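Since the structure of chain F is provided, determine the placement of chain W on it from the hints.
Number of protein chains: 2
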Amino acid sequence: MSNGFRLQHVNVMVRDLAEAVEFYVGGLGLEPSPTPDLGFPAQFIRINDEQEIHLNELSGEAPERAHFCLRVADFTATVRRMGERDAIETATWGKGRRLPSGVMQLFVRDPSGNLIELSCEADQEVDPALLDPAVFESAP
Amino acid sequence: MSNGFRLQHVNVMVRDLAEAVEFYVGGLGLEPSPTPDLGFPAQFIRINDEQEIHLNELSGEAPERAHFCLRVADFTATVRRMGERDAIETATWGKGRRLPSGVMQLFVRDPSGNLIELSCEADQEVDPALLDPAVFESAP
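Chains as they are written, first to last, in the numbering used here: chain F, 1 to 140; chain W, 1 to 140.
Accuracy of the hints is not assured; some may be wrong.
[Claimed, not checked] Here are a few chain W residues that face chain F, going by a calculated C-beta distance under 8 Å: (1) Phe-5; (2) Met-13; (3) Val-25; (4) Gly-29; (5) Arg-80; (6) Arg-81; (7) Met-82; (8) Asn-114; (9) Phe-136.
Hints listed in this document are in silico derivations from the structure and should not be mistaken for laboratory results.
Bear in mind the structure is a predicted one, so any value in this text is a computation, not a measurement.
Note that the Cβ used here is the ideal one computed from N, Cα and C, for glycine as well.
If we strip away everything but chain F, and leave its shape as in the complex, we get:
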């Protein structure tokens, strides 16, 4: 796991959060994980020290909000290439931002419309020139 890339979570949309938690915890045998207040019913599920499933109860949403999250080796270079491909997507989950944990995040869509959250570890330096206010929230 040394090249810097890894799957960090898969986000799935559920119709009823309690029913979903029963399935992922009671059925699959995974464990609930601390979950921040996202403003809607949500539960993070721990897979292991490095991976989670994020359950979101958000119905009737379009476009599709389900996604997976890829920690990338070089956030600055990757986001530049995504911008060149017009793949950056701010309509669904909002602009890129630095989370309270320090992790950077930005959403992109592949050419088929699959939604991917790109992120990098909190200690990775990001070129300030990358933070175009059109696609990134201003720094806190």
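Just chain W now, kept in the frame of chain F:
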């Protein structure tokens, strides 16, 4: 990563395989990985030694075939619980089976319809009583 659970791959549906490979390799900076003949256009993408993205060009499919794959800590116990919940799904990707690599696989849907491939390492013993021919292919 010691509890036996991990995300092994995310499977995404793409409209054009070459276009998708350009995005995941040329754009995100990941590497193509050896891909078995699946009978349709497909490319596995390496994330790291333990994780992949599987690109499948399969249009107009219903129900939704996109899924993620969870390696589980105890395949026998997990599949039993899935059976009790009527969560096992053979209509989309076929019955459970042992792959040539030795890995067991079976598909389930969560209560919201999200598709999950369950698998376990090749060296994990599976209770033969689990292998109900209604949901598993007969052993080779």
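Quick rundown of the hints versus the structure:
| no. | hint | verdict |
| --- | --- | --- |
| 1 | Phe-5 | holds, 5 Å |
| 2 | Met-13 | holds, 7 Å |
| 3 | Val-25 | violated, 11 Å |
| 4 | Gly-29 | holds, 6 Å |
| 5 | Arg-80 | violated, 10 Å |
| 6 | Arg-81 | holds, 5 Å |
| 7 | Met-82 | holds, 6 Å |
| 8 | Asn-114 | holds, 5 Å |
| 9 | Phe-136 | violated, 18 Å |
The structure shown violates the earlier hints numbered 3, 5 and 9.
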